[in-house]
Amino acid sequence: MSNSTKLDIQNLNAWFCEKHALKNVNVKIPDKEVVAVIGPSGCGKSTFVRCINRMHELIPGAKASGKALLDGVDVYGGMDVMDVRRKIGMVFQKPNPFPNMSVADNVVAGLKLVGTHSKKELAEIAEERLKSVGLWEEIKDELKKSGASLSGGQQQRLCIARALAMNPEVILMDEPTSALDPASTAKLEELVKKLKNEISVVIITHNVSQAARISDMTAFFYLGELVEFDETRNIFEHPKNPLTERYITGRFG
Amino acid sequence: MPRRNSRFFNLQDSVFKYLLIGVSAFVVLLFITLFYMLIDRSFPSISINGLSTLTGTVWNSAAGIFGAVPAIAGTLFSAVIATLFAIPISLGVAIYFTEYAPSRIKSVLSLFIDLLAAIPSVIYGIWGLWVISPLIKIYVQQPIVGAIGFIPIFAGPAYGLSIFLASMILTIMVIPIISSLSIELLGGTPPSLREGLISLGATKWETVRHVGIPFARLGIFSAIILGLGRALGETMAVTMVIGNSYLWPFETSSLFAPATTITSKIASELYEATSTLHIASLIELALILLVITLLINTVARLIINRTIKRGYY
Numbered sequence: 000m001s002n003s004t005k006l007d008i009q010n011l012n013a014w015f016c017e018k019h020a021l022k023n024v025n026v027k028i029p030d031k032e033v034v035a036v037i038g039p040s041g042c043g044k045s046t047f048v049r050c051i052n053r054m055h056e057l058i059p060g061a062k063a064s065g066k067a068l069l070d071g072v073d074v075y076g077g078m079d080v081m082d083v084r085r086k087i088g089m090v091f092q093k094p095n096p097f098p099n100m101s102v103a104d105n106v107v108a109g110l111k112l113v114g115t116h117s118k119k120e121l122a123e124i125a126e127e128r129l130k131s132v133g134l135w136e137e138i139k140d141e142l143k144k145s146g147a148s149l150s151g152g153q154q155q156r157l158c159i160a161r162a163l164a165m166n167p168e169v170i171l172m173d174e175p176t177s178a179l180d181p182a183s184t185a186k187l188e189e190l191v192k193k194l195k196n197e198i199s200v201v202i203i204t205h206n207v208s209q210a211a212r213i214s215d216m217t218a219f220f221y222l223g224e225l226v227e228f229d230e231t232r233n234i235f236e237h238p239k240n241p242l243t244e245r246y247i248t249g250r251f252g
Numbered sequence: 000m001p002r003r004n005s006r007f008f009n010l011q012d013s014v015f016k017y018l019l020i021g022v023s024a025f026v027v028l029l030f031i032t033l034f035y036m037l038i039d040r041s042f043p044s045i046s047i048n049g050l051s052t053l054t055g056t057v058w059n060s061a062a063g064i065f066g067a068v069p070a071i072a073g074t075l076f077s078a079v080i081a082t083l084f085a086i087p088i089s090l091g092v093a094i095y096f097t098e099y100a101p102s103r104i105k106s107v108l109s110l111f112i113d114l115l116a117a118i119p120s121v122i123y124g125i126w127g128l129w130v131i132s133p134l135i136k137i138y139v140q141q142p143i144v145g146a147i148g149f150i151p152i153f154a155g156p157a158y159g160l161s162i163f164l165a166s167m168i169l170t171i172m173v174i175p176i177i178s179s180l181s182i183e184l185l186g187g188t189p190p191s192l193r194e195g196l197i198s199l200g201a202t203k204w205e206t207v208r209h210v211g212i213p214f215a216r217l218g219i220f221s222a223i224i225l226g227l228g229r230a231l232g233e234t235m236a237v238t239m240v241i242g243n244s245y246l247w248p249f250e251t252s253s254l255f256a257p258a259t260t261i262t263s264k265i266a267s268e269l270y271e272a273t274s275t276l277h278i279a280s281l282i283e284l285a286l287i288l289l290v291i292t293l294l295i296n297t298v299a300r301l302i303i304n305r306t307i308k309r310g311y312y
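Those sequence lines, one after another, are chains E and W.
Residue numbers for the first sequence, in numbering that gives the first Met the number 0: 0 to 252.
Residue numbers for the second sequence, in numbering that gives the first Met the number 0: 0 to 312.
Okay, chain E solo, but in the shape it has when bound (with noise of 0.2 Å):
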């Protein structure tokens, strides 16, 4: 299963003040397919991830350097920050709606930033971005809601559909998991599978088997370091790194 590259990273350092977060990573994000981002605490996953939307930058005293080439295009020179940010969408740890809109209006909050869509467009997008994140059915009585009124598993796949509306040709997720009860885990999950059908989706996750049930791909990051980088059957049934081998199978991390 190897399609084509759709994010080529090249030599991509990354610093927090004086200390070096991310050392030399390159990696090639194939399109429309799940890959899964690993490794212990304070490896540089999230830096990493940060780092492809430019949002690693946000941070005082942290900077960047290297290559993220998104469909040949490097989104560090290339193009708007802002763009960059419009193509690749980002789901964050906690979800975080914005609680003074309503749940319609979360979804469309980027799409209203553009301001290039008329109001029943909006109400459209709305509807097929819940839809498509399962959000629909549960919720269509409560769109004019405030969006912090819904559940942790409902919020989060809320913000995933705030991140679609925006047709980001890659989704990065930062642990969307790791706050949520377990059957909104298994329904996440379900949606990452399901998303990949349209387009790229980089997943951290400190959850190993879930990085086994759901990407393609698995990245293994340790100090900084892209330690392996494979498909995720490889990683898991015969991982060429001992360090590898030792943090899938729990041993440390």
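Heads up, a few of these hints could be off.
[Unchecked claim] Distance windows between CB atoms, simulated:
#1 Gly41/E <-> Asn304/W: 40 to 48 Å
#2 Val298/W <-> Lys130/E: 43 to 51 Å
#3 Leu110/W <-> Asp73/E: 37 to 45 Å
#4 Pro190/W <-> Leu222/E: 37 to 45 Å
#5 Val72/E <-> Ser106/W: 34 to 42 Å
#6 Pro87/W <-> Phe15/E: 35 to 43 Å
If you're looking for bench data, these hints aren't it; they were derived computationally from the structure.
It should be emphasised that the depicted structure is a prediction, and the values quoted were computed from it without experimental measurement.
Cβ atoms here follow ideal geometry from the backbone N, Cα and C, with glycine treated the same way.
Place chain W on chain E using the hints.
What follows is chain W alone, placed relative to chain E:
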């Protein structure tokens, strides 16, 4: 672990509790005493003049006529105008501070905001009287009077001392209050919400506009009310720059005419007043000011409570 004498600590705890109840009760008692004093001392005026104080436009202590409307109008007008001018400037400062300013500029800026708040109002008064008044007269009032002086509210002659100048000085005094509170409030925007909107391709301004300000709006509203309260109650600087004339807003409606406020009226006449009725009328002015501030605070509180009840926050 050392043995603790529980009876001693219980006693200590209850003594402490009653002490706290005591100081809290003291605050309430202070307010009641103050309010009672104002009613008691203004009673001669209330009983003799009745409602005519609240409707009268003439203040003639020799003739015993005490109408408060021009003073009330001057107070409300100058305070509201000052607050309205201060809002965009203060929010601009706060947004620049929280979103754009590098950390070195931040520390300088916050120092100056604090300094501005710490300047005694008499200094603002002197500055307004000697520096700003002539400048505003030559560079603002005279050109406007020359150009559109036929409109009554911009009519001449251009005195320096005026309700306009008082409003400007009050604006400067209100800015540090609203801006320093707004900086705290905008700085408290949850990072997760900010990042949420930024990840959708929002600019800094859009992030402030759609996340920061909505999240802080109740607090900013409270800060504005606090600023308004400051402007309503300010005495010294206003007395020095407003010109103390009772002609505004009835004999002349010009913004460039001298006027008066409740506070400047009291400050400039109380020590010279001799007749009981005159003194009582001045104290009634103070009572009116207190009631105005209480009303504004109550309405603000109602608005805030109602917004909280609607559930978004």
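Here is how each hint holds up against the structure:
no. : hint                              : in the structure
1   : Gly41/E <-> Asn304/W: 40 to 48 Å  : 45 Å, holds
2   : Val298/W <-> Lys130/E: 43 to 51 Å : 45 Å, holds
3   : Leu110/W <-> Asp73/E: 37 to 45 Å  : 42 Å, holds
4   : Pro190/W <-> Leu222/E: 37 to 45 Å : 26 Å, violated
5   : Val72/E <-> Ser106/W: 34 to 42 Å  : 40 Å, holds
6   : Pro87/W <-> Phe15/E: 35 to 43 Å   : 36 Å, holds
Checked against the numbered hints above, the structure breaks only hint 4 and satisfies the rest.
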